[in-house]
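In the order they appear, the protein sequences are chains A and B.
For the first sequence, the residue numbers in this note's numbering are 1 to 462.
For the second sequence, the residue numbers in this note's numbering are 1 to 462.
Hints were generated in silico from the structure; no laboratory data involved.
Bear in mind the structure is a predicted one, so any value in this text is a computation, not a measurement.
Errors might be hidden in some of the hints.
Simulated restraints, written as ranges between beta carbons of each label pair [what the hints assert, rightly or not]:
| id | chain 1 | residue 1 | chain 2 | residue 2 | range |
| --- | --- | --- | --- | --- | --- |
| 1 | B | Arg-56 | A | Asn-181 | 39 to 45 Å |
| 2 | A | Lys-344 | B | Pro-50 | 34 to 40 Å |
| 3 | A | Glu-424 | B | Glu-424 | 35 to 41 Å |
| 4 | A | Glu-124 | B | Ala-348 | 29 to 35 Å |
Away from chain B, derived, C-beta distances all over 10 Å, residues of chain A [as the list claims (entries may be wrong)]:
| id | residue |
| --- | --- |
| 5 | Gln-42 |
| 6 | Glu-155 |
| 7 | Ala-323 |
Residues from chain A that face chain B, not an exhaustive set, calculated with beta carbons under 10 Å [claimed, not checked]:
| id | residue |
| --- | --- |
| 8 | Phe-9 |
| 9 | Glu-178 |
| 10 | Tyr-219 |
| 11 | Ala-348 |
| 12 | Phe-349 |
| 13 | Thr-359 |
| 14 | Ser-442 |
Positions of the beta carbon are idealized from the N, C-alpha and C atoms, including for glycine.
2 protein chains.
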Amino acid sequence: MITEGHIGFFFKPESIALIGASPNPEKLSYTILDSLLRMGFQGKIYPVNPGYQEIRGLKCYPGLDEIKNRVDIAVFAVPAPAVLEILNGSVENVKGAIIISSGFREIGPEGKELEIRLKEILNEKGIRAMGPNCLGIYDTITKVDTFFITSGKVERPARNGVSVLTQSGSFAAMIMDELANEGAGVARVVSYGNKVDVDESDCLEFLAGDDATKAVALYIESVGNGRRFIAAASGCVQKKPVIALKVGKREPGARAASSHTGAVSGRYEAYEAAFRKAGVIEVASYEELKDACKVLNRYPLAQGKRILIITDGGGIGISIADACEEAGLRAPEIASRTVEKLKKKLPAFASVKNPVDLTGSVRNEHYIAALQEAFGEGYDLAIVSLLWGPPLLTPDVAEKIRDFADSCGKPVLICSPGGKFSREMASAFTAAGMPVFFTPDSVVRAAAVLCGGKNKPESNLR
Amino acid sequence: MITEGHIGFFFKPESIALIGASPNPEKLSYTILDSLLRMGFQGKIYPVNPGYQEIRGLKCYPGLDEIKNRVDIAVFAVPAPAVLEILNGSVENVKGAIIISSGFREIGPEGKELEIRLKEILNEKGIRAMGPNCLGIYDTITKVDTFFITSGKVERPARNGVSVLTQSGSFAAMIMDELANEGAGVARVVSYGNKVDVDESDCLEFLAGDDATKAVALYIESVGNGRRFIAAASGCVQKKPVIALKVGKREPGARAASSHTGAVSGRYEAYEAAFRKAGVIEVASYEELKDACKVLNRYPLAQGKRILIITDGGGIGISIADACEEAGLRAPEIASRTVEKLKKKLPAFASVKNPVDLTGSVRNEHYIAALQEAFGEGYDLAIVSLLWGPPLLTPDVAEKIRDFADSCGKPVLICSPGGKFSREMASAFTAAGMPVFFTPDSVVRAAAVLCGGKNKPESNLR
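Using the sequences and the accompanying hints, generate a full structural model.
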C-alpha cells in the first residue's frame with residue numbers, strides 16, 4: 001500500500017548520491033553537481049565514480065556501498081545498462097533513486113525489456129524511484145536541483161507557491177525557463193519521465209499535504225491507474241487548486257506521446273471525465289498552463305465569474321471583454337448609482353461602463369478610485385489593463401493597486417501589453433509581487449482558471 | 001463615386017501641414033513633428049500656429065491659407081471646436097486631413113453633433129479625412145508618422161510587408177510596439193478612429209493595388225456599409241491575403257465598442273458571413289492577429305493543411321501536434337520509405353514519426369536532413385521547433401533552415417520556446433529574416449492563418 005509518506009523523503013532529503021559524477025563540464029552529471037552546489041543544498045552530497053578520489057572538493061566514492069551512511073536520493077546519470085548493474089549490487093543504504101538516464105521504454109522493445117527488469121529490481125530492493133528518462137526534481141524549498149541543463153540555458157525560477165508535475169522533461173525545462181523570465185516562481189517541479197515507479201498520483205498525494213505548495217499544475221501524457229489518479233487528485237483538490245494540461249489528445253499527438261515517454265495516451269474523453277470527477281481544472285494549452293501558474297502563485301480561486309474590467313485604452317478593453325465572454329466569464333454592467341459616483345472621480349471623457357475606459361487622461365488615482373467604487377458592487381475578479389502612453393500614469397500605481405488587492409481579498413489581475421517600455425513600466429508590478437500578463441488573451445486565460453475553468457459550472461457560483 | 005485614387009495621396013504625400021504645432025514637448029503636436037523629422041519624411045513640412053514664427057528650424061505659418069502651396073495632408077492636433085472653425089475658413093489648398101483630435105462622437109450627443117457638422121464641412125470643401133479620434137498614419141514606405149506617442153513609449157517597427165488597418169488607436173500602438181519588440185516589421189499602419197470619412201473599405205481599395213503591401217490585417221469594431229466592405233475586401237483578397245479581427249463580438253464587448261469610437265457593432269454573425277463571402281481570413285484574438293502579421297510578412301498562404309513537425313523535445317512536439325489538430329490542421333504520418341531513409345541520417349534514438357523528435361543528441365544538420373527528406377513527401381508547411389539545451393545545436397542552424405525554406409518555396413515556421421538564453425539563440429532566425437514564435441500555441445496560430453483559417457475548407461485544398 002503506497003501512501004504519501006513513502007515519497008515524502010524525496011522532498012526533504014538529507015543526503016544525495018550522484019552516480020556517474022564527473023569533473024568534465026561536458027557530462028550531464030557535472031551540471032547536476034554544479035546545480036546542487038549553486039542552489040545551496042544543505043544536506044550531504046556524495047559523488048560516486050570509481051575513476052576519481054575527489055570532485056569539486058567533495059570526496060568521491062567508488063560505489064554506493066562505500067558510503068557508510070544512508071542515501072536518501074541516489075541520482076543515476078549513467079547509461080541504462082549500468083543503472084541495472086549498480087542497482088543489482090549492494091544498495092542497502094539507498095532509500096530512493098532518480099534515474100535521469102534514457103534508453104528505456106521510450107526507445108522500443110529492447111528498452112522496454114530493460115525497464116521491466118528495472119522495475120523488478122526496484123521492487124525487490126524496496127527502492128522508490130523517479131524516472132527513468134527524466135530531469136528529476138527542482139525544489140526551491142529544499143534546494144534540490146537534479147536538472148542536467150545549466151541555469152545559463154534554462155533559468156531557475158525563484159521560490160513561490162505552485163508545484164509542477166510533468167512526464168516531459170523538455171516541458172519542465174521550457175516552463176521553468178519562461179516563468180523565471182517573466183519573474184514568476186515555483187515551489188517544486190518534478191519531472192518523472194517514464195514513471196517506472198513514482199507517478200503523478202504519488203506526487204499529488206504528497207503535495208496535498210505539503211504546506212509549501214499552494215497549487216499544483218500537471219502536464220499529463222498518460223495516466224496508468226485512472227481510479228487511483230482520481231482519488232489522489234480529488235484528495236489534493238480538497239486542499240488546493242489542481243490544474244492539468246492533457247497532451248496527446250488525439251492522433252497524431254497521441255502517436256508522438258507513445259514514443260516520447262513510452263506512454264499510451266488512451267481516449268481523451270476518459271481524461272476529461274476524470275478531471276471533472278476529481279475537480280481538476282483542465283487547461284487547453286501550454287500558454288494557459290503557464291498563465292495559470294503565474295496567477296495561482298498569487299491568488300486562490302475566485303468566488304464567481306463576474307469580471308470588472310478597467311482600462312485606459314478602449315480597444316484593449318473591448319478585446320478583454322470579448323475574450324471574457326468567449327471563456328464563459330461574465331462582465332455585468334456597473335450599477336447606475338455607482339456610475340454616478342464614479343463619474344465625479346474619473347477623467348471627464350472616461351467611459352463609465354464595464355469595461356471602464358479611463359482614457360489617455362488617466363492618473364494613478366483614477367485606477368484606485370475605479371477599483372474602490374466599482375469592485376465592491378458585485379464583482380468577483382478585476383482585470384486592470386494599463387497602456388503606458390498616458391503622461392500622468394506612473395509605475396507608482398503598482399504598489400497602490402497591490403495594496404488595494406491585498407485589502408479587498410479578491411483577485412486583481414494586471415494586463416500590460418506592449419514592448420520594451422511597457423515591460424519596463426510593468427516590472428513595478430512584478431516587483432510589488434503581482435504577476436503581469438502581456439496580452440488581453442493571456443490575462444483572460446488566467447482569470448478563467450481562477451474562475452474554475454470549464455469544470456466549474458456557473459450555477460455553483462454567485 | 002469613391003475610387004482608390006481618392007485616398008492614394010495619403011500614402012504618397014508631398015507636403016504635410018501640422019495644425020497646432022508647438023515647441024512644447026508636453027504637447028501631442030510636438031511628438032508628431034518630432035516623429036516626422038525622425039522618420040525622415042522627404043516632403044515639405046509646414047507647422048501651423050499663429051503663436052510662433054518658427055518651430056524646430058521650420059518656418060511656422062499663422063494659418064493654412066498662408067501656406068501658398070498645396071497641402072496634401074493637414075494634421076489637426078487642436079481641440080474639436082477649433083478643427084471645425086479652421087476647416088470653415090480658407091482651406092482651398094488642402095487635399096486631405098488627419099484629425100487626431102478627440103471630443104467627437106465618442107463622447108456622446110454633443111460630440112456627435114460636432115461630428116455631423118464636421119462631415120458636412122468636409123463634403124462641402126471636398127476634403128478627404130481620416131479620424132477624428134485617431135492616431136493617423138505610420139508609413140514605413142513614405143516615412144510618414146503622425147502617431148502622437150513617442151517612440152520611447154511605443155517602438156516603431158521596421159519596414160516589411162503587412163499593412164494594418166484599425167479603428168482603435170490603442171490597438172495600433174500596442175501591436176506596433178509588440179511587433180517591433182519581436183523584430184517584426186510593417187508596411188503601413190492606418191488608425192482612422194471614428195471614420196467620419198475614410199474607412200476600412202477606402203483603405204482596402206487602395207491597399208489592393210499597393211505593391212508595398214503583401215498582406216492586410218484588419219482590426220474591426222464596426223463596419224458602416226457592409227456591401228461596400230465585402231466588395232472592397234473581395235477585391236483585395238484577389239491580390240493578397242486579408243485577415244481580420246472583429247472585436248465587440250457580443251455584449252459587453254459590443255457595449256464598450258459603442259462608446260469607444262462611437263461604433264454600433266451589429267450582430268457578429270453578419271460579420272462572420274461577410275468575411276466568409278469576401279474570403280477574409282478571420283482570426284479569433286489579438287494574439288492570433290499578431291502572429292498572423294509576423295508570418296504574413298514572410299510567407300504567402302500555404303497550398304494545403306498538411307503539417308510536418310520537427311522538434312528536439314518530445315513534449316513540445318506533442319503540444320504542437322495537439323494544437324494543430326485543434327486548429328483543424330492535419331499532421332499525417334511520414335511515408336514508410338522516407339522513414340527508412342531518415343533513420344540512417346538522424347540520431348540513434350530519434351523518433352521518426354510526425355512529429356519527428358530529434359532528441360537532445362541533435363546536431364544542426366539533422367534538422368536540415370529531416371526537412372530535405374520528409375518535407376517533399378506531401379506536406380504543405382513545416383513547423384520546426386528548437387529547444388536550445390542540446391549541446392551540439394548552434395545558432396548557425398538558422399541560416400541553413402532559412403536557405404532551405406527559400407529553396408523549397410513552402411512555409412517553414414520556427415518555434416523557440418523558453419527564456420533569455422533561448423531568445424538570444426533564436427534571434428539568429430530573426431536576423432536571417434525568419435519570424436520566430438515563442439510557444440507551441442503561437443506557432444500553430446500562425447500556421448493556421450497561412451492555411452487559410454476556418455474560412456478555407458479542407459476540400460479546396462490538397
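Next item on the list: Closer than 10 Å between Cβ atoms is the bar; does Phe-9 (chain A) clear it against chain B? Give me holds or violated.
Entry: Hint on Phe-9 (chain A): violated, closest Cβ of chain B at ~27 Å, above 10 Å.
Checklist line | Proposed interface contact between Glu-178 (chain A) and chain B, which counts if any beta carbon pair is under 10 Å | finding: Result: holds, 6 Å to nearest chain B Cβ.
Note to self: Given a hint of 39 to 45 Å, does the C-beta separation of Arg-56 (chain B) and Asn-181 (chain A) actually sit inside it?
What the structure shows: 41 Å, holds
Note to self: Confirm or reject: Gln-42 (chain A) is not an interface residue toward chain B, with every Cβ-Cβ distance exceeding 10 Å.
What the structure shows: 27 Å, holds
Check: Measuring from the C-beta of Phe-349 (chain A) to each C-beta in chain B, is the shortest one below 10 Å?
Finding: OK, holds: Phe-349 (chain A) within 10 Å of chain B, min 5 Å.
Next item on the list: Just tell me: holds or violated, for the beta carbon distance of Lys-344 (chain A) and Pro-50 (chain B) against 34 to 40 Å?
Entry: 36 Å, holds
Margin query: Min Cβ distance, Tyr-219 (chain A) to chain B: is it shorter than 10 Å?
Written below: 7 Å, holds
Next item on the list: Answer holds if the nearest beta-carbon of chain B is closer than 10 Å to that of Thr-359 (chain A); otherwise answer violated.
Entry: This interface hint holds because 8 Å falls under the 10 Å limit.
Item checked: Hint validity - Ala-348 (chain A) Cβ closer than 10 Å to any chain B Cβ -> Holds, because the Cβ-Cβ distance from Ala-348 (chain A) to chain B comes to roughly 8 Å (cut-off 10 Å).
Note to self: Holds or violated: the 29 to 35 Å window for the beta-carbon distance between Glu-124 (chain A) and Ala-348 (chain B)?
What the structure shows: Cβ of Glu-124 (chain A) to Cβ of Ala-348 (chain B): about 31 Å, so the range 29 to 35 Å holds.
Note to self: Is 35 to 41 Å respected by the C-beta to C-beta distance linking Glu-424 (chain A) and Glu-424 (chain B)?
What the structure shows: 19 Å, violated
Check: For Ala-323 (chain A), which was marked as not at the interface, is the minimum beta-carbon distance to chain B over 10 Å?
Finding: 6 Å, violated
The structure fails hints 3, 6, 7 and 8 (numbered hints given earlier, in ascending order).
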